[in-house]
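Residue numbers (this note's numbering), protein chains in the order written: chain U, 1 to 246; chain A, 247 to 555.
Hints are computed from structural coordinates only; laboratory data are not their basis. Just so you know, these numbers come straight off a predicted model, no measurement behind them. Heads up, a few of these hints could be off.
Quick look at which bits of chain A chain U covers, simulated, 3 or more residues with Cβ under 8 Å [claimed, not checked]:
| id | stretch |
| --- | --- |
| 1 | 286-300 |
| 2 | 320-329 |
| 3 | 344-355 |
Covered by chain A, according to a simulated footprint, are these stretches of chain U (three or more residues, beta-carbon under 8 Å) [what the hints assert, rightly or not]:
| id | stretch |
| --- | --- |
| 4 | 8-18 |
| 5 | 67-76 |
| 6 | 91-104 |
Beta carbons: idealized from backbone N, C-alpha and C, even for Gly.
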Amino acid sequence: MMRRLLPLLWRELESLFFSPLAYIVLTVFLVLSGFSFVIALSVSLGVVSDTITLFLGQGMLFWVCLVAVPPLVTMRLVAEERRSGTLEVLLTAPVRDGEVIVAKFLGAMVFQAFLWAPTLIDIRILRGYGALPDAGQVLASCIGIACATALLTAVGLLFSTRTANQIVAAVGSLTFNLLFVGAPVMVDAERFGSLGRTLRTLSVVDHMSSSFGKGLLDTGVLAVYVAGTAGVLVMATRSLEARRWR
Amino acid sequence: MIRTEHLTRRFHDLLAVDDVTLHVPQGEILGFLGPNGAGKSTTIRILTGFLPASSGHASVAGHDVADDSLAARAQLGYLPENVPLPGDARVDEYMQFRARLKGVGKARRAAACDRALEQCGLLPMRRRIIGQLSRGYRQRVGLADALLADPPVLILDEPTGGLDPGQRQEVLDLVAAMRGQRTVLLSSHVLSEVEHVCTRVAIIQSGRIVAQGTREQLETEAGHRGEWELGAAAGEANVERLLGWLAGRGLQARRAPGTALCTVRLPSEAAASALLAAAVQAGLPLASFRPLTRSLHDIFLDLTRSSAA
Numbered sequence: 001m002m003r004r005l006l007p008l009l010w011r012e013l014e015s016l017f018f019s020p021l022a023y024i025v026l027t028v029f030l031v032l033s034g035f036s037f038v039i040a041l042s043v044s045l046g047v048v049s050d051t052i053t054l055f056l057g058q059g060m061l062f063w064v065c066l067v068a069v070p071p072l073v074t075m076r077l078v079a080e081e082r083r084s085g086t087l088e089v090l091l092t093a094p095v096r097d098g099e100v101i102v103a104k105f106l107g108a109m110v111f112q113a114f115l116w117a118p119t120l121i122d123i124r125i126l127r128g129y130g131a132l133p134d135a136g137q138v139l140a141s142c143i144g145i146a147c148a149t150a151l152l153t154a155v156g157l158l159f160s161t162r163t164a165n166q167i168v169a170a171v172g173s174l175t176f177n178l179l180f181v182g183a184p185v186m187v188d189a190e191r192f193g194s195l196g197r198t199l200r201t202l203s204v205v206d207h208m209s210s211s212f213g214k215g216l217l218d219t220g221v222l223a224v225y226v227a228g229t230a231g232v233l234v235m236a237t238r239s240l241e242a243r244r245w246r
Numbered sequence: 247m248i249r250t251e252h253l254t255r256r257f258h259d260l261l262a263v264d265d266v267t268l269h270v271p272q273g274e275i276l277g278f279l280g281p282n283g284a285g286k287s288t289t290i291r292i293l294t295g296f297l298p299a300s301s302g303h304a305s306v307a308g309h310d311v312a313d314d315s316l317a318a319r320a321q322l323g324y325l326p327e328n329v330p331l332p333g334d335a336r337v338d339e340y341m342q343f344r345a346r347l348k349g350v351g352k353a354r355r356a357a358a359c360d361r362a363l364e365q366c367g368l369l370p371m372r373r374r375i376i377g378q379l380s381r382g383y384r385q386r387v388g389l390a391d392a393l394l395a396d397p398p399v400l401i402l403d404e405p406t407g408g409l410d411p412g413q414r415q416e417v418l419d420l421v422a423a424m425r426g427q428r429t430v431l432l433s434s435h436v437l438s439e440v441e442h443v444c445t446r447v448a449i450i451q452s453g454r455i456v457a458q459g460t461r462e463q464l465e466t467e468a469g470h471r472g473e474w475e476l477g478a479a480a481g482e483a484n485v486e487r488l489l490g491w492l493a494g495r496g497l498q499a500r501r502a503p504g505t506a507l508c509t510v511r512l513p514s515e516a517a518a519s520a521l522l523a524a525a526v527q528a529g530l531p532l533a534s535f536r537p538l539t540r541s542l543h544d545i546f547l548d549l550t551r552s553s554a555a
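Bound-form chain U, shown alone:
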């Protein structure tokens, strides 16, 4: 598996980092996260833990980045290969469809880690001014971002396997992300009974603000993200394999 996974992953990274879109996304992301940091600093009135919670879990620009970046990064992963025909070349080599999906997922995750990494420099800047951020809170926030990004990246990949049009893939997964992140917050849990409560337990906003954002690692919440990501990746693999169904 690793023998084929590594070249596939390497090729994905080359493809991601050599595309102009990557640098547009990177630039926009850096600008937005910079704004987000400045806003978090001014709103939190110098309380470091509040700055981190706002910057890495509650600010509006943070959510724009979290929800919009995975569709932009994943939209072309399979759709573009399908459109250009290179998917046929790839899948007629001795590789499993699942290996292709995992490599594309890991490639997108590495790229997004590269996008998010500069936010740690912002946190470091706080130390320079004598404010000592809680390492546990920062680490838990990073884990939360990684979990949510992994799930939304898997969803974006799934949408990309369903079409040969990047824009359709991006709009589809962005719509899903908005509903998935927004609906649990907007739905009145008490009014919708058990459905409302179930939705609330899946609320990414709640997880980021009340769990990861406060430095807590809830294994139940982690399990939801790990299982959800794995489940969606299996669906993406099945979606790619669907062409082989009789």
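Could you slot chain A onto chain U? The hints should help.
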């Protein structure tokens, strides 16, 4: 090495491949001929494991392409139609990637890439970005990829599409040089390309194989016109005697102007044998006797036209 049995593929209401049975033994180059949309690429996509068959079986080097797909693909070099390639990679980077994907070991990888690039005349282009190459060179990159892991089976879908005559001949010469070493299925809609390269030809039309065999077999069997040509020995008197003898047997013979050749229509092989025996018994001055056949080109056109109609 390549075998299909009653292969059928249906896309909703369209029967793209209809009961295709093919066998390409080891070392043979099979020309897979048919007009555009005849079902060549769909058959090939089933053989390469990219699409499933609706029914029937296909195997490559003894491995079923559906049940043992990875093993089948490991034995296969494939050049798809239109050669889709990543435009952002350099030629040698792409070849290295494909070699790793195909399981070419680290120790052999550089040599395997060099050999494939050299075979396809790509060594001077190895540092070029694929997206900046001409159509001809891109075709060569696809072919080099197909040859990379030294596979025993090659499937080439329209390998000369979009090439100029010189490039076309180079590709065909490369394929011809593989005769006896690799098993090749070469798809094309241009007859002249395959008839000199391939050992056998299969003609597909509307998803069905309408003829297959060697060029000679096709010309003899599918190309028989029901006419025989009798050549008289030199001398006008001999021709006149032959024509008179044929007329006496109730056969209307046509004489090719300025030659000693006469053509008669006969209902069967048996009637032809009987006529020959009678001519010999009568002591006619015959120099030749042969059935008239159409060229492979005419057969291809007739078969594809009549099936389409």
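Comparing the hints with the structure gives:
Under a criterion of three residues with beta carbons nearer than 8 Å to beta carbons of chain U, the stated coverage of the stretch 286-300 of chain A is upheld, 8 such residues being counted. Counting residues of the stretch 320-329 of chain A whose beta carbon lies closer than 8 Å to any beta carbon of chain U gives 5, which meets the minimum of three for the stated coverage. Beta-carbon proximity to chain U at under 8 Å applies to 5 residues in the stretch 344-355 of chain A; the threshold of 3 is reached and the given coverage holds. A count of 6 residues in the stretch 8-18 of chain U with a Cβ less than 8 Å from any Cβ of chain A is obtained; the coverage claim is therefore met, three being the minimum.
Counting residues of the stretch 67-76 of chain U whose beta-carbon sits less than 8 Å from any beta-carbon of chain A gives 0, not enough to reach three: the coverage restraint is violated. Interface restraint, the stretch 91-104 of chain U with chain A: holds (6 residues with C-beta to C-beta distance below 8 Å; minimum three).
Violated hint for the displayed structure: number 5, the only one.
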